Structure formats: structure tokens, C-alpha cells
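Colleague: The chain contents come next:
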Amino acid sequence: VAATVTTEQHVGPFAEAAAVPRRPRRRNVKRGLTVLLFMSPWIAGFIGLILYPMLSSLYFSFTKYSLLEDPKWIGTQNYSFMFTKDPFFWLAFRNTIWIILVGVPLRIVFGIFTAWLLTLPRAGSKTYRTLYFLPTMAPPAAAALAFVLIFNPGYGPINQLLQGIGMKSPPLWFYGPNSSKWGLVMLGLWGVGDAMIIFLAGLLDVPRQLYEAAEIEGANGRQKFRFVTLPMISPVIFFSLVIGVIDAFQYFTEAYITAGGRDHLGEPQGSTMVYGVRLFQEGFDNLHLGYAAAMAWVLFIIIMICTAVLIRTSDRWVHYQGGFR
Amino acid sequence: MKRWVVMLATFALLATACTAGGGDTTASAIDTGSTASHAPVTLEIWGAWTGRELEQFNKIFDGFTAKYPWITVVSKGGVGDPKIIAAINSGTAPDVVLSFTLDSVGQFCESGAWQDLNPYIEQSGFDVAQFPPSVEAYTTFAGSRCAFPFLTDAYGLYYNTDMFDQAGITDPPTTLTELQDDAAKLTEFNSDGSIKRAGFVPWLGYYEFSVPNLGNIFGAKWYSDDGTQSVVATDPQWKAAFQWQHDFIAEVYGDGDFQTGADRLERFVAGAGDEFSTAHDMYTGRIAMNLDGEWRTAFLADEKPNLNYATAPFPLPDDQSDQYGRGQIGGTIIGLPKGSPHPAEAWLLLQFMATDTPTLVYMANNVRNVPTTLDSLQAPDLDVTPQFQTFLDIFADPNSHYKEPSAIGASDQNILQAFAARWEVGKQTDLDGGLADAAKQIDDQLAQAAI
Chain A
1 VAATVTTEQH
11 VGPFAEAAAV
21 PRRPRRRNVK
31 RGLTVLLFMS
41 PWIAGFIGLI
51 LYPMLSSLYF
61 SFTKYSLLED
71 PKWIGTQNYS
81 FMFTKDPFFW
91 LAFRNTIWII
101 LVGVPLRIVF
111 GIFTAWLLTL
121 PRAGSKTYRT
131 LYFLPTMAPP
141 AAAALAFVLI
151 FNPGYGPINQ
161 LLQGIGMKSP
171 PLWFYGPNSS
181 KWGLVMLGLW
191 GVGDAMIIFL
201 AGLLDVPRQL
211 YEAAEIEGAN
221 GRQKFRFVTL
231 PMISPVIFFS
241 LVIGVIDAFQ
251 YFTEAYITAG
261 GRDHLGEPQG
271 STMVYGVRLF
281 QEGFDNLHLG
291 YAAAMAWVLF
301 IIIMICTAVL
311 IRTSDRWVHY
321 QGGFR
Chain B
1001 MKRWVVMLAT
1011 FALLATACTA
1021 GGGDTTASAI
1031 DTGSTASHAP
1041 VTLEIWGAWT
1051 GRELEQFNKI
1061 FDGFTAKYPW
1071 ITVVSKGGVG
1081 DPKIIAAINS
1091 GTAPDVVLSF
1101 TLDSVGQFCE
1111 SGAWQDLNPY
1121 IEQSGFDVAQ
1131 FPPSVEAYTT
1141 FAGSRCAFPF
1151 LTDAYGLYYN
1161 TDMFDQAGIT
1171 DPPTTLTELQ
1181 DDAAKLTEFN
1191 SDGSIKRAGF
1201 VPWLGYYEFS
1211 VPNLGNIFGA
1221 KWYSDDGTQS
1231 VVATDPQWKA
1241 AFQWQHDFIA
1251 EVYGDGDFQT
1261 GADRLERFVA
1271 GAGDEFSTAH
1281 DMYTGRIAMN
1291 LDGEWRTAFL
1301 ADEKPNLNYA
1311 TAPFPLPDDQ
1321 SDQYGRGQIG
1331 GTIIGLPKGS
1341 PHPAEAWLLL
1351 QFMATDTPTL
1361 VYMANNVRNV
1371 PTTLDSLQAP
1381 DLDVTPQFQT
1391 FLDIFADPNS
1401 HYKEPSAIGA
1411 SDQNILQAFA
1421 ARWEVGKQTD
1431 LDGGLADAAK
1441 QIDDQLAQAA
1451 I
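Residue numbers (the working numbering), protein chains in the order written: chain A, 1 to 325; chain B, 1001 to 1451.
Chain A extracted, bound-state conformation (with noise of 0.2 Å):
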């Protein structure tokens, strides 16, 4: 029987690499160590930046901790403070929902849109392409800023030109509760630039002939992106909806400039405090790091999971060109 084998093993798609001897043990070490050598880098950086801060965040999530103390172990409480005592979780938590709601979705229709115009053009594409990636590059705190001035109710141009087509009370914009989360859409409507680039990118890569044998199937405009363009897209899509949702569950900067910085955390009327705010305030101007740390554990988890949901439920609208997944 051993005979047997012995021939068998010899023969078939793999018998060369069969014949080839074994290396011997200490030969396979040193590969191994030598391939860890190469590796050695990226191991560093993982443990020591990634891997243990957050091994760290989520033991000091389980502790009473201000920086100023050592951490004291206080089990859960910090989690079942958040969610039956801190009176702003569940504002920071609502509000950051309404950021994922209204202004993801927006983003993405924004950013379809512009880049669909941007296949209008028979000449100076790039310009134009460049033009409204511009925004993009401007950096968040300092475009929150120009946009507090822009937008301001006092002096600000774009409420001047509304009271100057007739408009008796325009809004406050950043400085009305109503408004203000408005005002924060249209900033990051302004700087769509990143995603269109990446829906521009899908929209040049539709197959013309799917549109040829559309026209021939006597579609219209309407029906030719609704049954083709979006299908065809909707990778780019489900990538911008991913994306956008983690980045708006961790909004900051935004938030953060818009209301007046540190000492007007939230304003107006808590209407900017959102899921970040409220972690940073915690953490760095109340000295709660324990609870700061029990904060973004919970937002982690979250962002799994309505991460897990949306790839979840792609099988039934995303589509991708040869059936690959």
C-alpha cells in the first residue's frame, strides 16, 4: 500500500512540485524569518499604532480615566451612563443620524449630477473638472470658516442677496437651530469634488453600445439612466454610500468650526453637536477620557454594523459589469 501511494504521489498537474526535495527545516526558518524582516515595518506600525491604542481605548472604556489619575476599573459604567444618563448621547447621536440621512444621500446626488454635467462638454472638460475639484482641496476648517462669513445673517453675502430679491427673513443659517445643519450640508455639497471624480470615472465607463441598444429599444433620456446609467454606477454608488456614511458618523471639523470652536461646542441650541463633537468635548474639555473611550467604542461598533448592513443588502442593487462580486 505504501508502494502505492508512494507512486501515485508522482503523478497528476503536481507531480513536479511533488519531485521537487523537501528544503530543509532550518532553510524554511530563516525564509520566515526573512520574510517577517521584510514585514517587520508594517508589524511595528500595526502593533504599536493601530493595535494598541486600540487595545488601550478599549480597556480605558471599562475605566474611570482623566489623564490626570491612573485608570480605575469601573466596569460598564461608563456605557450605561451614556445611554440612560449623559444628556447629550442621544442629541449627538440624532443629529449625527440626520447628517447620514439628508447629507450623504445628498452628496451622492450632488455628486452624480456634476459629474454628469461634466460629460456634457464637448471642450475645455478639464477646466471644468478642475474648476469644481478645486473646493475639494481647500482644507475643511479653513472652508468652514469662509463659509461662517459667507453665510452670515448679519453681513454675509448670500443673505443680503436674498433680502435683495424680497426674502423678509432669511435664515440664520449657522446661527439658527433650524438651519444650521442645512448650512453644514451645503458646505459639504460645495466640496463634492472627490466624489464626483469617482462618479465621472463610472459615468465615462459605461459601454456606449448598452446606450445604443437602449435608443434602439426606444428608451428616453429618463429611462436610459434609469436602466442603464444607474446599474451600470451603482458600484461607485455603493462605495460613495459606504464611505460617506463612516465619514459622517465621524463629522467634525465642520461641526466644530461652524459653531464657534471650543467654547460654543453644539451651537445654536445644540443643533451642531454631533456624535464627534460630543466625544471631543468628553475627552479634551471635560477630561472624561474613560468615557471618551467608551464613546468611540460605541461608534466603532455602529459604524460595523450599518457597514455590514449596506454590503449586506448590495446583492440587491449593486451590479457589477461581467456578474463579478
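If you are wondering where the hints come from, they were derived from the structure by calculation, not from laboratory data. Please note: incorrect hints may appear among the correct ones.
These stretches of chain B come out as covered by chain A in the derived footprint (C-beta under 8 Å, 3 or more residues) [as the list claims (entries may be wrong)]: (1) 1051-1063; (2) 1098-1109; (3) 1264-1276; (4) 1400-1410.
In this text, all values refer to a predicted model and were calculated from it rather than measured experimentally. Just so it is clear, CB atoms sit at the ideal spot from N, CA and C, and this is done for glycine as well.
Let chain A serve as the given structure and place chain B on it in line with the hints.
Modeller: Relative to chain A, chain B alone:
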């Protein structure tokens, strides 16, 4: 489940093992300088001063080195609390620290991150009576005096004298009733009903008009005497304060209707100019009176020298007019961090900075903050204008104070401000209920901090 518990325990073990302990290096036997050797020593002081103010600040150490030639001081500016705290935590603290964050005093003292100065004070015979009594309240918490003042802010009333003359008002208001009457005379409306010029804007968040300042005007307390419970719902002064604000808005800006006044004022406030620019409403004439700090005198001298204005203590409730002259105070603090490498020499520097009259006068004259010892307030070379003198008097007033420190930092203010923001626009109409909710939320924070 069991596997999760094991994983969690492993994480905890790993993280604990890797966490810097920031060991307590406080000198076990305090050497207050009397026995310190004269071996050359370099002290480091970290603080948040920047720019022109940092340049002025760095000059004060020449005087210290002249007095103690064996000690050199290196000053690092632009260092905020987070970096200082991180250094303390990692055992690399400087010798002396400076902070603008008065609301963190409770946490600094209670945690021991800033050393209790009482042992140093007792051993060296330092006379704390050099400071006005009000200073102790904002530099002490839970029995630990962990900070000294190094200049301070004081808040009072600024008013445009030209507008007062035009309105026939001869003296600044001293009571809140007078303030309201004067504000009504000074307020002007546009034809569409919007506010053209506001007499006074009692809107929380409008420049320096904040919840702590509102409470201070009424002498409202934040905590019970033992500091374990919020009293914002039970101290009648809080209710009186918010009710006054409500009535003021209704009468001055709403023709008797609160909501009209609140809507007009909200829109007016939304168009306010930036606080630290020449677009400030006081500069542009949008307002006639404003609550502000003493530093505004320097800004006005620099940025709007032709503005005719005067200052006065902020008006008080009619039934507290006998205390007229007091106001909110509180400013920069200095201390010895846990792990200060040269505590004996650092204590010498701390005393020098906190009490040396020429130093305090120099800083007051150049940075335009209020000097913080009784001697420096009387110093003949203190450059005092009539407008600035008001703030020296407010600081010296025995009834002037800052809100009580607490172990929860600024959380109490955030909570009450959240209520106040709804109250002043008319979204929250139940004053008692709102204050009760705020008190409970503050108590929850206290309980969490006490774990």
C-alpha cells in the same frame, strides 16, 4: 461568552501593562527653598501664552534670575492643558505650569495633578493674605490649594457715553431695573420691526454674557455647601435670573411679548460682529451697553481709540444693590505639577510670579489684565485709566467671585447652557422643570465623577 471574558481580560492586562503610570514624584520632604543649595538649576515653565503676550511674559524672568542668580528659567509658550496633562501623566512634567482653564481647577486639585500648595505655604510661612479673599475660592478645591493666581479677568459694564448723552442718561445703571430702563431708551428699531441698535443684549452666548456671568450677577450658587449636590433648581436666584432675562427680552425688544422679543433678538445676535475684531458690535455702534472683561480696554485703545465709552460694575438685582461693585473674576492660574523636577526652586518661582509687585504691574500694564495681589492693585506705577480702574475695584471687592469649582469641569455649565439656550428662544417654557432637569443631570455627572 467565556472566550470574550478571557479576551477582555487579556486586553485589560496588555493595556494596563503598557500604560504609563506617571509615578508620583512629589517631593516627600518638601524643601521650600530655605535650605535649597545654590547649585545652578534650570527651571521649565509651560503655559498657553503666545505671540505678543508670550514676549511680554518671557521678560519677567529677568527679575527672577536677578534675585536668584543660580536659577535659570526656560519658558515654553503655546502649550495648552492637554499637553501639560499628558506630560504630568507620563512623568515628564515641567517645573511650573500655567493654565487659562479655571474650570479645571477642581480636577487639577482633586487628582493631585497640580500639587497641593498648603504644605509649601505652611513650611515657608507664605502669607496668602497678599491676595484678595475671593482668590482662594477659585484656586482651592476639596481642601487642596493647588494654584496661585497670576493676573485675572474681571467683568463689568461697558457703555457708549455718546449714546448715553443723546438719550439723556447721566449715570450708568446700578440696578437691573435701571439697566432695563436705560436699555429701552437706547434701543432703536428699523421700520420692519427688527432691532437697529440694542440697548443691552442679555442673550447667553452673546460675547461674554454667559451662564456663569448671569448666575454671578444674581449671586446664584451652583452647589450645596459640601459640593456634593447641584442647587440650580433650589437656589431661588437661578429662577430669578432666568425670569429677569425673560422679562427683559419681552419688555425691551418685544413690546411686552416675549416671543416677539426673542425672535428679534435671536436675529440681531446672529448678525453680531466677531468678538476679537473691529467688527465687534460695541465698535460698530450696534449696541450701547455690553458686559465684557477688562481686556477690552486694551483692545479699544488699540482698535477703536476714538470711541467714547466708560465702564462701571455690572448692575445688580434691586434687592442686592447694597453689594454694587462686585462682579465675576477669575483668570490665569499657576501651580506645581505632580513630578515637578525641582520643587524647591519651582516654589521660589511660583511665589515670585504670584506676588512680586513689579512683575505683576509690568504684566498688567502690558497685557492689560488685572494684577492679583492687594499691593500690586495699589502700586503707583500701575498704568490706570478710568475705564481700567473699574476692574481693579471689582477684583478688590470682597464679594466678587468665580463660580464654585467642581470635579466635573465645565460639564455643569454645558448642561445649564443647554437648558438656557432653549429657554431664551421660547422652546422651553417650564422654568422650574427645566432647572430641575438640569440639576439632576449635574448630579448624575457628580455621581459619575465620584465613582
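Colleague: Output the indices of the hints that this structure fails to meet, ascending.
Modeller: 1
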